[in-house]
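Undergrad: Those protein sequences? They're chains G and V, same order as listed.
The numbering of the first sequence is my numbering, which starts it at 1 and goes up by one.
The numbering of the second sequence is my numbering, which starts it at 1001 and goes up by one.
Honestly, the hints are just simulated from the structure, not real lab data.
Here a beta-carbon is modelled for each residue, glycine too, at the ideal position from N, C-alpha and C.
You may find that some hints are simply not true.
To be verified - Dumping the calculated EDC-like pairs for lysine to aspartate or glutamate here, alpha-carbon to alpha-carbon at most 16 Å: (1) K251/G <-> D1126/V; (2) K250/G <-> D1070/V; (3) K1136/V <-> D162/G; (4) K251/G <-> E1113/V; (5) K1048/V <-> E236/G; (6) K253/G <-> D1070/V; (7) K1144/V <-> E259/G; (8) K251/G <-> D1070/V; (9) K1144/V <-> E261/G; (10) K1048/V <-> E259/G; (11) K253/G <-> D1126/V; (12) K270/G <-> D1126/V; (13) K250/G <-> E1113/V; (14) K256/G <-> D1070/V; (15) K224/G <-> D1126/V.
Stated by the list, open to error - Derived, one-sided and incomplete: chain V residues facing chain G with beta-carbon distance under 7 Å: (16) F1031; (17) I1052; (18) N1055; (19) L1058; (20) I1157.
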Amino acid sequence: MAELYALRQSPCTKEEIIMGFRNIGSFKKGFSFVMLAIVKRQQAEEMIRHRAVIPGSIRLETELLYSNLLKKSLIEKDRTVLVMYIQESHSEIMVIDGIRPVFSRGFNGRETPADEINRSLIAYGSGKNNKKIEKTVIVHSPDVDMGKVRSGFEMLSSMPLDFYEDKGDTIDSGAHLEINLLPREYIDKRANKESMKQAFVTYSLLFIAMTMLTSLFIFELNEKNKTILMFSKEAEKAEKDITRIDNILKKTKALKYMEEEGMRVTGILKEYLRLVPQDVLMEELNYEDNGVFYCNGVSRDITGIFNFVKVLERSGYFKKVEIKYAAKKQIGNREYTDFSIGCFAH
Amino acid sequence: MIPVIFSKREKYIFIITVVFIASAFLYNFIFEPSVKKWLALDSEIEAKKAEIENNAGLITRKDSIRREYDRYAGPDKNISAVLSDMESSAHSFGIKTSNIKPGKEAENGLYKEYGIELQIEGEMPDIIKFLSEVVKLPTLAALKRFDFKLISQNPPIFKGTVILSKIITTP
């Protein structure tokens, strides 16, 4: 917005000027009070050309002076103050209404300050809305002969004068400045250079970090390989003894299995014979090594066979107990049942 | 060389593509193999550590393992001595034996397993006592199969074949 306004006021094109602004404050109605600085590009470039090193910024001395007056509290919020900054080479007159600079004028040190001040005050006084100056502050550099100047000022002004000697700290570089009149391309070039430098530092750090991580990783891998080698040697040393013990364990396991297997099958046979009811006569018993158990016999009645099957199932030694065959036969004058039972023994 | 001018959108797509390809390359050829190698070494170290701990445990228990083995393998004899022992044991229980013969022989490097076929005749309680004796130490033969038939009722005498298995360890 400030840029558009400046362009409207300036007779030059956008390419011919460089501008900068500082927002001083806002009015209640919503307007902003802006310190606007416009410089001809050509002039700025000539200034740059005369320097050996391209400067980082071109500052407006008025803004610099204003910032430092604020910082050092040489101006008062409720008074209109005339500030005169006198140097051997360059001087500046500024009128500050509260905290707003309302008038500013710079002039060469060679010119007579009293005349310049007179002219400036007449120019300021011609402004209808400009308030009456209530206080005057004179800041001067130590190289200025103030004896001569002081009498001139006292003649000029009837109001009290405050004199401050600038010991080189009135305009210091630590002030907060917003106006930069360095052409954009120089700023961009400097920013690019700066960002390239930053990128270089960043990538260098990244590379160093990556290299360190990779080194650490390789070191750790080597350490792990060493550990494996050490363990392998240790295992190899005991291998002969371990093989012998392992063989003994395997043989013991096989022998134990033999014992358990023998006990198990004799246990099945014992259990079976314990469960055979009184009225059943065993005729044939057969056991295969796949666990299939058969028994054939004779019972006085079929009910006895079914009961026997139930008893076998309940015992826990036999499962899937089935009657494979059952037929009645006559022996003498009595009737018997021939049967065959098959099951899995475990 | 024809200069290539990219639009802003193309530039972003180009950068994203390059970043994607570089990431894929780094992941597939550097990161993943490195992690795999790292994990493989870790698991190898764990396996070796477990092996060493296991070995140490076995060496510590060496004497008790040996004692247990000696208990089972101590009475190891040759197969003919085993057959002879079985025969005498059968007689001591009043069991008639006939046709005692060694069966198939299988060897696995650590021991030899012999099959033994035995025909026996006697009352069932005596047969059970005999078989219970045979499957215990010192004979230690496993009962594999049996087939008994009742040949007389008063008293009930069973006759049949018993297949046993006996392990004789190699030194």
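Undergrad: With reference to the structure, classify each hint as holding or not holding.
TA: Evaluated hints:
1. K251/G <-> D1126/V: violated, 32 Å
2. K250/G <-> D1070/V: holds, 13 Å
3. K1136/V <-> D162/G: Violated: K1136/V and D162/G sit about 125 Å apart, past 16 Å.
4. K251/G <-> E1113/V: holds, 11 Å
5. K1048/V <-> E236/G: It holds: about 11 Å lies between the C-alpha atoms, which stays within 16 Å.
6. K253/G <-> D1070/V: With Cα atoms ~12 Å apart, K253/G and D1070/V stay inside 16 Å; holds.
7. K1144/V <-> E259/G: It holds: about 12 Å lies between the C-alpha atoms, which stays within 16 Å.
8. K251/G <-> D1070/V: Roughly 10 Å between the alpha carbons, so the hint for K251/G and D1070/V holds.
9. K1144/V <-> E261/G: holds, 8 Å
10. K1048/V <-> E259/G: The given pair, whose Cα atoms are some 35 Å apart, is violated under the 16 Å limit.
11. K253/G <-> D1126/V: Judged against 16 Å, a Cα distance of about 30 Å means the pair is violated.
12. K270/G <-> D1126/V: It holds: about 11 Å lies between the C-alpha atoms, which stays within 16 Å.
13. K250/G <-> E1113/V: With a Cα-Cα distance of about 14 Å, the restraint between K250/G and E1113/V holds, given a limit of 16 Å.
14. K256/G <-> D1070/V: Distance ~12 Å between K256/G and D1070/V Cα, so the pair holds.
15. K224/G <-> D1126/V: With Cα atoms ~67 Å apart, K224/G and D1126/V exceed 16 Å; violated.
16. F1031: violated, 11 Å
17. I1052: holds, 6 Å
18. N1055: holds, 5 Å
19. L1058: With a closest approach of 5 Å, the L1058/V hint holds.
20. I1157: violated, 12 Å
Going through the hint list in order, the structure does not satisfy hints 1, 3, 10, 11, 15, 16, 20.
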